[in-house]
Structures are given as C-alpha cells and as structure tokens.
Amino acid sequence: MVLTGVSAAARLRGRPGRGRLAGYLYLAPAAVLLAAFHIYPLFYGAYVSLFRWGLTREAFVGLSNYRALLHDADFWRALLVTTYYVIGVVPAEIVLGFTVAYLLSQRIHGRAAYRLVYFLPYITSMVAMGLVWSWIFNANFGLLNALLRVLHLPTPRWLLEPRSILALLHFGRGLFAAGPSLALVCVTAVTIWYYTGFHAVVYLAGLTAIPTEIHEAARLDGAGGFGLLRRITLPLVSPTTFFLAVVATIGAVQSFAIVYTLTGGGVSGGAEAGGPLGTTRVVTLFIFTTFYTEFRVGYATAAAFVVFAILLALTALQMRIGERRVHYLGG
Amino acid sequence: MRISRTAAAHLLLLSGAAVTAFPFLWMLTSSLKSNVEAIRFPAALVPHDWLWQNYARALAAAPFSRYFLNSLIQSTGVAACVTLTSALAAYAFAFLEFPGRRILFGAFIATLLVPPEITLIPNFVVITALHWYNTFLALIIPMGASVLSVFLLRQVFLGIPRHLWDAARVDGCPPGYFLRRIVVPLSRPGLAVVALLAFLRAWNDLLWPLVATSTDNMRTVQVGLLAFSQNVSTDYTLLMAAAVMVVLPTAGAFLLAQRQIIEGIGTTGLRG
Chain A
1 MVLTGVSAAA RLRGRPGRGR LAGYLYLAPA AVLLAAFHIY PLFYGAYVSL FRWGLTREAF
61 VGLSNYRALL HDADFWRALL VTTYYVIGVV PAEIVLGFTV AYLLSQRIHG RAAYRLVYFL
121 PYITSMVAMG LVWSWIFNAN FGLLNALLRV LHLPTPRWLL EPRSILALLH FGRGLFAAGP
181 SLALVCVTAV TIWYYTGFHA VVYLAGLTAI PTEIHEAARL DGAGGFGLLR RITLPLVSPT
241 TFFLAVVATI GAVQSFAIVY TLTGGGVSGG AEAGGPLGTT RVVTLFIFTT FYTEFRVGYA
301 TAAAFVVFAI LLALTALQMR IGERRVHYLG G
Chain B
1 MRISRTAAAH LLLLSGAAVT AFPFLWMLTS SLKSNVEAIR FPAALVPHDW LWQNYARALA
61 AAPFSRYFLN SLIQSTGVAA CVTLTSALAA YAFAFLEFPG RRILFGAFIA TLLVPPEITL
121 IPNFVVITAL HWYNTFLALI IPMGASVLSV FLLRQVFLGI PRHLWDAARV DGCPPGYFLR
181 RIVVPLSRPG LAVVALLAFL RAWNDLLWPL VATSTDNMRT VQVGLLAFSQ NVSTDYTLLM
241 AAAVMVVLPT AGAFLLAQRQ IIEGIGTTGL RG
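Residue numbers (my numbering), protein chains in the order written: chain A, 1 to 331; chain B, 1 to 272.
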C-alpha cells in the first residue's frame, strides 16, 4: 500500500548506475550488524547446541542435548511455569489495555494526563520498579502486609510463597493442589501493571483510526452502549487485538528482568534465581541459569531452540486463528 | 445519564491511574524518609523530615557514578548507532531504487522473528572470541541496529512529498546530499523518537549487560542497582534513592517528548 508512491516515482526515474550501488551502500551498516548479531547467531547457536560446550567447545554430541531436555524435569517445570505466566499475563493485559483505551477514547477530560500516567511504567527500568514492588510485597517490612496486619487479616509471604494459590485458598487438595504459586501470581500482577499502559496506547491508536461516521451510522440505526461496543467497536479493533495478542505472548515468554528482579536477583533474598522452590523459574530464567551460573552453554542453547520452536508454532497458530477472526476495515 | 457515565469512566480511570502511579510515589517519598519512618504504618505520603542525604549516602554506598557514566556511554552510543544505521537503511528503502529491494526489506523484517534468547548465548561466544568481553564495544555494537527503527523511519521518510525527490533527481542531486539537506531536516521529530527509544532500551536493558560485562567498573546502572539491592538488604531508603536516580533520566526524557514517544510506539507497537 505504501509502496505505490515509490514505484510511481521509480518509473519516472529508472536511471540505472550509481543509484543502485548507493542503495546497497546505505543498507550496508544496518545489514552488517543485523547479519552479525541477529542472523548469524541463529546458525551458530544451532551449531553450539549440538556440542557439549562448557567454557569452550568440548565434544560433538549430536542431538543428545535435545534428548536430555526431554527428560529434564526442571525444564518441563519451567515450561509449565511459563505457561501459567503467559495465561495470567496476556488476557489481562489485553482486557485492561482495551478498557483503559476505550474509556480514554470517549472524549474524556484529562486524556493526555491519564495516558501519561498509564504509560509511565513502560519507559522506566524494570529493575528499579521490580525492587519497589518486591519491597511492597516483603513479608516483614512490606506495605501490603502492614496493611493486612492492621486489618487483622492473614499475612502471606507473597514473593517467597511456593505453595499454589489453589492450595492457599483451600480450593481442592491433593490432585488440585497444582497451579501457579502465590509468588508467580505476584510476578504476573507486576508484569500486568508494567505493560497495561503499552497495550492501552496501541489500542488508543487503533480506536482513533476508526472513522467516526461508522459509529454515527450505527447509532442512527439504533445501536448504542454495549451493543455498539460488541458489534461495531470490538470487531473493528480486532486487528489491533490480534497484533497485541501475538506481541504480548512473545513478550511474556521472553520475560526476564521482571522475574529475575522480583524473585532471585533482587532483595527478596531467594538464594537461587527462580524464586521459592523454582516456582517462578520461567524458561528464560532456566536458560539464563543453565548458561550463566552452571556454564552448560551447549545445553542452554538447545533449550533456547526448543523455546524458539514452541514460540514459532504458537505464533503460527495465532496467525491461523487470527486469519479467520480478524476483520479488516475496507479489506 | 450522560454525566453519570462520564463520572463512572473517571472513577475507573482514576482508580487505575492510582494503582499505576502508586509505586512511583512510594519510591519517591520513601527515598526521603528515615529508615524508621519508611517501614512505619500507617505510612505517611509526605516524609516527616526530608532526608536528601539518602541520595548522597546511596551514591557513596556503591560506585553509582561509575555505573551512570557507563550507562550514559552505552546508551548514547547505542542511540547514535541505531539512529545512523536506521536512517541510512530507511533512506535506501524509502527512496533509492535497486534490485532486490523488496526481498531485502522482507529479510530485515524477518530478523524480528529471531528472539533475544536465541541470540544471547551465541553473541556472548562471539564477543568473547573478538576480545570485546567486558568492553563498551560489547555493550554498544550488538545493539547498534534495530529493524523496528528502520521500519519507523521508513514510514516517516515515505511521508516526505515525492515531488521534492523527483525535482532533486532531475537537477542531478546526489543521494547523500538529498538525505542530508532535505530528508534529515524534514524528519527531525521521527529521528528524535528513534534515538530516544534506542536510548531508553539500552538504559533499561538488564540481560545483555549482565552477561557481557564482569567487573564493577564496566557495570551499567541496571546491573549495579540489582547488585546494590543484594548488599543493602533492608536499608530501603537507600535502595529507593538509588532506584529514583536510575529512573530519573528516562522519566525526564519521556516527559520532555512524551507525545512523540507515545505516538511512535502506538503506531509501530515496539515492545521492549
């Protein structure tokens, strides 16, 4: 669509020679850096994952790293923790982001100020804000438990609590005691806090792109309130929803700084990254500790490739679903 | 009816904004309290005595000035590098005509599919082999190109009226001259957004500096702050003072250019 202007101008020119070479020259700096640090690692990483590789390359082991991952309970648990995390984060970010954007799109006073506040977390350091949150959640000195103590309510250990929330709520025992730990729920909540403004801003751009005539026409036809939202607005922003679902899923699987700061790297005092009993050890933390603390470079790279494959499959699946569900305006 | 709906919307938005803003307020006010007051409940939103010396104590408790200098060098270097490489590439994609342009643009976009967890370890091995480990080269060069910035700037450049380019070509204006004299002056806001976003990304990054550096004199603010948090344990006022200092430059830059940054992100969906 945007290319039409270019090709029209190109027909006017069509002078070969110096212009061609210039094109490649202008591309070269970015292309070289991308090739060296984004494309080459893909192939080099695939190579590394076939070796036992500690401080240096040790021995070719074929696919054994991948085979070992299949039997690694820690890796499977990291995948499960990541699944809980993604399920907790993505829908909440989308629903909250849309709600904020929808309310802001209603010609409301102070829109710029609201937008500024909601967006603030997104541009600040995850480490700094993670430290603030881990203090708020601190079992002994945190604000949250101070409040609960005054109200004579039970004071959980929040980020240090490995038990599942289902067990803590006495919701089923034994078989149903599985589920995300309270620590992971806290990490999920902070992640949602961090990204909601980003989603709201992208939604707001999508909402303002809807021509006002469409809403006016629907109103004239007797649509209003909730019906208008459900039948007109939501379908029209579905490309944005789809885009955000894909981006948020990828982002959540790649989360590192928030999880690392809240459980393991920060003041919460967990000896090992990944929180109480590894219940917040998402796959990126698994890869990081395997690589950085244990220095099993080949094995960590193989794990990264498995995660990459899962992510690609998930994105492809979202694309398939998106194709059928998304409505494009005038397309 | 209409008024009550607006009031309800404001109520919802205000409560959401309160939750969003609270940690920032808490960080700011706690950074000025005494240690005793910081953990007292009910907590005061305004400190009893304003202890500005907490900031001096935090600066003295760890080599923060060194961390700031390192982060400043890294982030400025990354911003300069990204803006330069992206502007050149975006110019080629927006104006210049050469065989394989569309395929190359597709290849650029395709690199977005390679996630950071894949590039992390091979890049570490590569910078070690290049003897860049624990140097500024390692902190800057691998982050020196950004596909999303190329994409954003290409959109900006495509907004420049075509007749300017056609007129320049007819007059035999060389491509470099047109870029410097026409494209760059007309795209200042777009270039500023790209530079600022690159700066923020580098300033706030934790994983790569954590992996690519090893000594205290090469640590960036994020890595330094995290290490500091493990050392001060429960001296929360110091920790909050340090956190404020780490947040301040990015928050300041954001407040100065918030409209451009928000619109830049709203339209391209950059997610750091």
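Source of the hints: derived by calculation from the structure; they are not laboratory data. Predicted, not measured: the structure shown is a model, and the values here were computed from it. Don't take each hint at face value.
[To be verified] Listed below are several chain A residues computed to face chain B (Cβ distance under 7 Å; list not exhaustive): (1) 26; (2) 38; (3) 117; (4) 124; (5) 141; (6) 144; (7) 148; (8) 291.
[Said to hold, decoys possible] What follows is a list of derived Cβ distance ranges for each label pair: (9) B:159 <-> A:213: 20 to 30 Å; (10) A:87 <-> B:109: 45 to 55 Å; (11) A:213 <-> B:130: 51 to 61 Å; (12) A:323 <-> B:109: 16 to 26 Å; (13) B:5 <-> A:324: 31 to 41 Å; (14) A:162 <-> B:102: 49 to 59 Å; (15) B:174 <-> A:295: 44 to 54 Å; (16) B:163 <-> A:318: 35 to 45 Å; (17) A:68 <-> B:227: 26 to 36 Å.
[Claimed, not checked] A few chain B positions that, by computed beta-carbon distances, are all more than 10 Å from chain A: (18) 4; (19) 23; (20) 34; (21) 37; (22) 49; (23) 52; (24) 65; (25) 73; (26) 115; (27) 120; (28) 134; (29) 145; (30) 181; (31) 211; (32) 215; (33) 216.
Just so you know, even glycine gets a beta-carbon here, dropped at the ideal spot from N, CA and C.
Here is what the structure says about each hint:
{"no.": "1", "hint": "26", "in the structure": "4 Å, holds"}
{"no.": "2", "hint": "38", "in the structure": "5 Å, holds"}
{"no.": "3", "hint": "117", "in the structure": "5 Å, holds"}
{"no.": "4", "hint": "124", "in the structure": "5 Å, holds"}
{"no.": "5", "hint": "141", "in the structure": "5 Å, holds"}
{"no.": "6", "hint": "144", "in the structure": "10 Å, violated"}
{"no.": "7", "hint": "148", "in the structure": "10 Å, violated"}
{"no.": "8", "hint": "291", "in the structure": "6 Å, holds"}
{"no.": "9", "hint": "B:159 <-> A:213: 20 to 30 Å", "in the structure": "25 Å, holds"}
{"no.": "10", "hint": "A:87 <-> B:109: 45 to 55 Å", "in the structure": "29 Å, violated"}
{"no.": "11", "hint": "A:213 <-> B:130: 51 to 61 Å", "in the structure": "58 Å, holds"}
{"no.": "12", "hint": "A:323 <-> B:109: 16 to 26 Å", "in the structure": "19 Å, holds"}
{"no.": "13", "hint": "B:5 <-> A:324: 31 to 41 Å", "in the structure": "34 Å, holds"}
{"no.": "14", "hint": "A:162 <-> B:102: 49 to 59 Å", "in the structure": "52 Å, holds"}
{"no.": "15", "hint": "B:174 <-> A:295: 44 to 54 Å", "in the structure": "52 Å, holds"}
{"no.": "16", "hint": "B:163 <-> A:318: 35 to 45 Å", "in the structure": "42 Å, holds"}
{"no.": "17", "hint": "A:68 <-> B:227: 26 to 36 Å", "in the structure": "32 Å, holds"}
{"no.": "18", "hint": "4", "in the structure": "13 Å, holds"}
{"no.": "19", "hint": "23", "in the structure": "5 Å, violated"}
{"no.": "20", "hint": "34", "in the structure": "14 Å, holds"}
{"no.": "21", "hint": "37", "in the structure": "12 Å, holds"}
{"no.": "22", "hint": "49", "in the structure": "20 Å, holds"}
{"no.": "23", "hint": "52", "in the structure": "19 Å, holds"}
{"no.": "24", "hint": "65", "in the structure": "17 Å, holds"}
{"no.": "25", "hint": "73", "in the structure": "17 Å, holds"}
{"no.": "26", "hint": "115", "in the structure": "6 Å, violated"}
{"no.": "27", "hint": "120", "in the structure": "7 Å, violated"}
{"no.": "28", "hint": "134", "in the structure": "14 Å, holds"}
{"no.": "29", "hint": "145", "in the structure": "4 Å, violated"}
{"no.": "30", "hint": "181", "in the structure": "16 Å, holds"}
{"no.": "31", "hint": "211", "in the structure": "6 Å, violated"}
{"no.": "32", "hint": "215", "in the structure": "16 Å, holds"}
{"no.": "33", "hint": "216", "in the structure": "17 Å, holds"}
When held up to the earlier numbered hints, the structure conflicts with 6, 7, 10, 19, 26, 27, 29, 31 and fits the remainder.
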